[in-house]
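Asker: Two chains, two frames, a set of hints: combine them into the complex.
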Amino acid sequence: MSNEGVIYRISGPVVTATGMNAAMYDVVRVGHEGLMGEVIELHGEKAVIQVYEDTSGIRPGEPVLNTEETLSVSLGPGLLTQIYDGIQRPLATLEEVMGVFITRGVDADAFDLEKKWTFEPQASKGDEVTGGNVIGHVQETETIVHKIMVPPGKSGTIKDIKSGDFNVTETVCTLEDGTELQMMQKWPVRTPRPFTQKYAPDTPLVTGMRILDFLFPLAKGGAAGIPGPFGSGKTVTQQSLAKYSDAQLVVYIGCGERGNEMTEVLDEFPHLIDPNTGKPLMNRTVMIANTSNMPVAAREASVYTGITIAEYFRDMGYDVALMADSTSRWAEAMREISSRLEEMPGEEGYPAYLSSRIAEFYERAGRVETLSGEDGSVTVIGAVSPPGGDISEPVSQGTLRIVKVFWGLDAGLARQRHFPAINWLNSYSLYPQSLDQWFRDNIAQDFPEIRTQISGLLQTESELQEIVQLVGSDALPVDQQLTLEVARMIREYFLQQNGFHDVDAYCDIHLQYQMAKAILTFQDAAKTAMASGAQLNDVVNVPARSDLIRGRFEKGYINDIEGMVKKMTNEIADTVETN
Amino acid sequence: MTGKEYRTITDVKGPLVFLNKTEPVAFGEIVTLRLANGDIKNGQVLDTSDDLVIVQVFEGTAKINRETGVTFMGDVFKLPVSTDLIGRILDGAGRPRDGGPEIVAEEKADIIGAAINPYSRQSPHDFIQTGISAIDCCTTLVRGQKLPIFSASGLPHNDIALQIARQAKLQDSDEEFIVVFCAMGITAEEYNFFRSDLERTGALENAVLFVNLADDPAVERIITPRLALTAAEYLAFEKDYHVLVIYTDMTNYCDALRQIGAAREEVPGRRGYPGYMYTDLAMLYERAGIVKGKKGSITQFPILTMPGDDITHPIPDLSGYITEGQIVISRELHQQGIYPPINVLPSLSRLMGSCIGEKTTREDHKSVSDQMYAAYAQGRELRGLVAIVGEDALNERDKQLLDFSGIFEDKFLRQSRDEDRSINETLDLCWNLMANIDTKYLVRLDQKWIEKYHPENRA
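Chains as they are written, first to last, in our numbering: chain L, 3 to 581; chain V, 24 to 482.
Hints may contain errors.
Taking lysine-lysine pairs in the DSSO-like style, the calculated list, with each CA pair at most 27 angstroms apart, reads [as the list claims (entries may be wrong)]: (1) LYS192/V with LYS434/V; (2) LYS200/L with LYS164/L; (3) LYS529/L with LYS519/L; (4) LYS389/V with LYS557/L; (5) LYS557/L with LYS318/V; (6) LYS48/L with LYS200/L; (7) LYS48/L with LYS44/V; (8) LYS318/V with LYS262/V; (9) LYS389/V with LYS434/V; (10) LYS557/L with LYS471/V; (11) LYS161/L with LYS200/L; (12) LYS101/V with LYS315/V; (13) LYS519/L with LYS568/L; (14) LYS118/L with LYS48/L; (15) LYS475/V with LYS389/V; (16) LYS557/L with LYS192/V; (17) LYS475/V with LYS434/V; (18) LYS569/L with LYS475/V.
The hints are simulated quantities; they were obtained by calculation from the structure and are not laboratory data.
Here chain V stands alone, though its shape is the one from the complex (with noise of 0.2 angstroms):
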């Protein structure tokens, strides 16, 4: 039936075009709408009956009229993809945007993807080591995983992923990464920010970018993470590449989510997004991980900005319950001077007992870690307790927590953009700081690992 063109539209509203009297549509897909002036829209088959099909618009619907065509091309949203994508620049909608020529396909992969089987996954275990002490140290990433930043408006989640896309290795290896960079409804000054970064550094020629701006139609943010992953599927899966993928901002594409349940007039969930979201984030986040018998990965960075910077709003919520964990940007530590301000204390990493220990980090990397967290997170909660009663209140053992707090944020957080510590330098550098407390006062420090490491007994 390709090829008809209906002129059947009876209804539109928001990005959504419904028509009628066509022949069998399948669910899910592909349109084209031709406008009077000959301008093509693009568009997906969400509802489809006898009597009625919904199609959803992804370039809005200005100027649809009951004139316009519409043209099913008889088959489900599909990307070409090939090794040439590597480098090239794309649209929302997987155009060139960098005025090159279309992608030739080597093969036309579907867009939706088909779930991993859980049994012929490969459980994640390689040290990603990405340079920045908080995150090696603490919520150490796996090759694999998908470990969110939760951030809010006006902090640096941008230099933090990119810097993490900078600098991640595997250590003791030169494999480098590809980056596929997915863009939703991000600021041009934002995505220039991100292009310029990648060109300085050279990682242009070994990223993908699916751009969509927030000056670009809403309802095709649907789409762009789909694409992206697409594309990382084919390379990791197809041409054993590494990929790293980087989303931002998920809550842009949520919020469109929540644009096309308005339009069709769903029964909204919580704060008006769709009760599907989960299942929806998770047909994204779960094409993450390591596949038996390839050789490829993807590891996935999703960036979010946290509405009012509540953690329990539905899109950091839902996005926590999928993901491996995630990466908590405080705007307390922004405001004084640190970066990156990671809060370690809400942050995790599930899989980090899978990567780290004697044969990939280092053999004291989790009793380190343990202390780090809770000496800190003891010091943290002094802070609230000197407020009331005063410094001089303390005992020995409390003080040096509280002090040690403080060289925490100033010494261990504190990086610069470009700095980039091996995980020897990181934990080495954690020792160094661990000894302004009393040993008797480290308890979660195993004895031998004291012995070893400890400057005291290391000059």
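Just chain L, same shape as in the assembly (with noise of 0.2 angstroms):
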């Protein structure tokens, strides 16, 4: 047997070969355009190929060539700033070669390997070298130092090391057993990169946005999914968390979504500022781009090729947020070519190994010591496209029973156009254990409590909107009515956040505490007058409180703050007088 077949079978994007000396996930070349796809399963000598792209017009006896490589990106200077598709090949590139339209048997390569970049040697001659160890630093962007890192599994004594200008893939660091190293390296796309040991996640990820990090907070090297009906804001919120999470990096996939809405992402991002940095925010961004109607098994590897390059900067001792939009298009891409496969289905059609795969998937996530002792952390944040909304199908639950934050939109939200249309009664984190030390250290002393008391008011809120529904608010008592009015507050002045809004997108997170502060005093404050004899009704009408409110979405607010809400209680007080 040799690495050349014969195609035996074409059913779309599935092909069957003869003839060939395959290993599982062998990627391989199939007929004479040369399209690349990987074999998938194996019967005695006939080896099931998918195909990355249109198969149409392809014959039965066509040649296809075993490579004998597995699916693997390229990871070196030059990924960022890239946008791809699902198999690395960048979109710019294949515009410049195919046009606007994407044919196919193309190949391009990752990035640039002919630009130089200037190596700064971070070891010596003679240092003792393992895989993952740093040997060398460029400067990939204003804002990221790529650090060129043994590849993992190769070590020894160096015996030759440059500095100065090189490209990819020229040697820039000898071993004295003679291995040579270059910047660029490769990786099985479906291998987790290895590292030391995970830790527990201890740091939160902080994206801005108030109901997330205040009352449903995401772990650095967590997992969450977000699971919503169509038009109820998974995209603007995926895209949120790109733009302002103080992650380092930023890998986003949008996986069989909609094109006119990728080309808005491509089109916006590179003119956003990194609120963090105040450096274009594609200088720490890779994205990967495959749209609906691009082929459907580079859509199942577009997730792979994300978290491997995901995993790779992580290694260096990042903090890697990777986004994924939509993971029910990946999985319905495992269900199409389960079903060319004939496959026995599990629930709804989709392959019985489909948990098992959204689980491995998001184990990939995790904060740990890399092999070169540093820390370094990737989390995985996956919309979900349930059917109907309904979450009781297979992709929602195989995302649930693994994901520790559960950001749940709503579609009724979203039609009452609160946004983020999170549900903040069914989502929830299971993180806040582990961050609480780090909010009190970092934000304050009573951060939980405050977190605890305003979930507690919108829990009490949901109870008193089941007696309202039925008697109206006047039927209630009035200290009762206040906590309608607080939770009230709540919804509309803290958790509705404007994500097009110049000021009001991103919100520091010691602003947050103080926001959730002021609602807390207004109640203080409204309870103590009311007892004194004051009117819900001018209480809650006070200027300098509709001032307060307002003050969100103005420059400086975090410092005026105090101020506003100094003056609000002295209204609040001086309600009693009037009375």
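Answerer: Structure, rendered in structure tokens:
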């Protein structure tokens, strides 16, 4: 048997070849046009291949060439600011080669192999190095230093290390045993990159979104699922996270989503400024765009391509956030291929291995000690698009079993134009216990207690609302009417956030705490005043409260809020005297 | 191998023909089948291997037997395209239906259509004025968008689609749209309605019609929209036209897809529809848009009828995940005699934000649209409450909102089938109607717009 076979059968994206020596997950070139494919099943001497490009016009009898490599990504300087398709072909290069429509049979390097980067050695002759050790730095973008690492599995004593300008395929370091190291390395996408050990997460991923940071925080190295029906704002939430979260690097996977929306992201991101560094956001971003009409097998691969790139940057000691929008499309790609393979289906036609694949993917998140002893993390945030918004379906359930944070988007809230439309009653985060210490140390000693009070008020409101539905709010005692007012303030002033507003889109975590405190201060002041005979109506309508609420849209709010709260407290106290 | 005729059919099942002992046949290759009586049918290869080839026959498999001769044409399905298409009526497989001559091809285009590189797309941002207030104000249409109409049986979605086709224009521009109309499994009566309306308004001269009627072969429906979109792409990206593609009814298309899936004994997904329906629909819907460096554009208006008025049914559900919003037609409003019965609450245009505002429509558009929506939503909710506690239990604000919801439906939604309101007229109308609510309750309106546009301040 050789590494060349012939096509036996073609059924959509699934091609069967015979007479070829193949192993599972080998990458093959199919047909005269050399379409890229991957071996996904073996039957005797037949190899079943999923093809990443359209197979129309291909005939049985055409050749299949086994490259005997597994599906891998190229890793090295040049990754950042790139926009790739699902199998790491840069979309800009594809446009140059094929024009505006994506045709097939074109191979493109993941990044410029000729470009010279300035390599600054961080190790010297005679040093013992092993896989993961950093041997040099490249200032890849203004904000990110790309650390050149010894590929996992290689080790030895440095015989020679260079300094100066090199392209990614030139040797920059030679080991005693003759191993030559370049700045570019390859890694198979379906294999997690190795690390020394996983730690428990203890630092939050600060997103600037109040409902997320304050009520349902996500840890760096954690995993979150965002399920929601169409039109509930999944994509906007994912994009806000990509823009404002305090991860050092972001990998954004547009997996099987809308072309025009992807274009919006591609147009918008290069103009956005990272609030944490003041530099263009693209400097820290890698994007993968595989829209819904691009080949389904490449969609299946896109999430693996993305997470491997994320892990590579994690290994340099960075905190990386990965957004996958949407994992349901990835699952559907698995289903489609599985059905072409005539596999026995599990629930709703999905393959039986669906939940284990989902679990394996999310398990690649985590905060780790890297091979070189540094602390790095990959945080995964996956959008889920359940049919009809019903989260009892397999993809949502498979996701919820593994993630620790659930941000449930709600069509009802979206319809009321309450954004982000995250339902505060059914969402949850299992991280507060491990993060509370961080919040106490870095924000305020009573941060967790304030959070408990706020969520308690929201809970009480939902119970009261049931009564109001029946008898109207006027029938409630005044203290409960006040509770409703306070809860309304939480919803409208705190939870609602305008993702498109210059100031409001990103809310500093210290400010979040201040705002939450302001609400509780209002509640206390109102209670005191009303105990001395003030009217609820007067208390609620003090002008300083409107100023406080409106103030969140103004710059410098964090400096003014304290004064505003004081003024409000005084005015509320005055309502007693005017009575 | 073109020309070689095989008589090796082994099985015929539903729309599928199985044959063996062929020379290598390409995936997706076009096939002709010659029946004993000389009739010709067409098909396409769905699965090919050394041992067995599966052909999907577009015209149905009636009269096919083991004696039927099968010829492989050596190429995938292509549509002859040229500007001669404009003004023509073709059948669901692309043959003339109007008695005219064959289309003289300027080129032949593969009907599957390649995906547009997302990097090469241009974000849509040109406002299309449809003259229908509910759409222009609340779910604004953008050139290059795909915005389906979610309707149900017995509702006037066809009138709305035609009104849009008639009135759609760019503001301050005389540029006309070329309408590509794609009928899938609709009745002859509906078709005649569309056709006579297009004829009446003279729009037929600027239209291309692909027509597969209810009594035409169901399997043909699989290729009809692909032909229509191929024609649209040619006109938009080769000939610089702005194209509006209307297809009706997507539900019949999906049912045809299910029929083939069942015949192939595929594992069915939800409600028996194939698992790849999302990808399949995306391959159609995603052929909308604007491309860098090309003047033309494709805007899509798919119409689908929701079985049992159920928006969670797989067809509207999967469509909603791909399209950029939806316009939902309401039976309740229709029964109240309101035309167009558009329920703005579940309707949405995802691209609206990019095309409204000072430079394109009017500075107050967003504010007005948000306020109209919010006030109507609250008013509708109060109707439920009033049914329980009675109108007297409402406070002043709620009473005003309740009244407003009626005014909204009667004055804002309702318009005649040939009433073409400009965006300025629509927005002014909104202000006049909102004047029925105390200004202090209009919290979503910016103060500066109230000062400028509120009737009290303009008088």
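Asker: Hint by hint, say whether it matches the structure.
Answerer: Comparing the hints with the structure gives:
At most 27 angstroms may separate the alpha-carbon atoms for a hinted pair to count; LYS192/V and LYS434/V meet this at roughly 23 angstroms. Restraint check for LYS200/L and LYS164/L: the C-alpha separation of about 33 angstroms exceeds 27 angstroms, so the hint is violated. This hinted pair checks out: LYS529/L and LYS519/L have alpha carbons roughly 15 angstroms apart, not beyond 27 angstroms. A threshold of 27 angstroms between alpha carbons decides the hint, and for LYS389/V with LYS557/L the separation of about 23 angstroms falls inside it, so the pair holds.
A distance of roughly 41 angstroms separates the Cα atoms of LYS557/L and LYS318/V; the hinted pair therefore is violated under the 27 angstroms criterion. Distance restraint check for LYS48/L and LYS200/L: the Cα-Cα separation of roughly 40 angstroms exceeds the 27 angstroms cut-off, and the hinted pair is therefore not satisfied. With a CA separation close to 20 angstroms, the supplied pair LYS48/L and LYS44/V stays within the 27 angstroms bound. Between the alpha carbons of LYS318/V and LYS262/V the distance comes to roughly 8 angstroms, so the proposed pair stays at or under 27 angstroms and holds.
Annotation: proposed proximity of LYS389/V to LYS434/V holds, straight-line Cα distance about 20 angstroms (limit 27 angstroms). Under the criterion of a C-alpha separation no larger than 27 angstroms, the hint pairing LYS557/L with LYS471/V is consistent with the structure, at around 20 angstroms. With a C-alpha separation of about 33 angstroms, the suggested pairing of LYS161/L with LYS200/L is violated against the 27 angstroms cut-off. A C-alpha spacing of about 25 angstroms is found between LYS101/V and LYS315/V, which places the hinted pair at or below 27 angstroms, so the restraint holds.
Of the pairs offered as hints, the one joining LYS519/L and LYS568/L holds, with about 12 angstroms between alpha carbons and a cut-off of 27 angstroms not exceeded. At most 27 angstroms may separate the alpha-carbon atoms for a hinted pair to count; LYS118/L and LYS48/L exceed this at roughly 44 angstroms. Proximity of LYS475/V to LYS389/V is assessed by CA-CA distance (about 15 angstroms); at most 27 angstroms being required, the pair is judged to hold. Of the pairs offered as hints, the one joining LYS557/L and LYS192/V is violated, with about 41 angstroms between alpha carbons and a cut-off of 27 angstroms exceeded.
The suggested pairing of LYS475/V with LYS434/V holds, with an alpha-carbon distance near 22 angstroms, which does not exceed 27 angstroms. With a CA separation close to 32 angstroms, the supplied pair LYS569/L and LYS475/V exceeds the 27 angstroms bound.
Hints 2, 5, 6, 11, 14, 16 and 18 from the list above are not met by this structure, while the remaining hints are.
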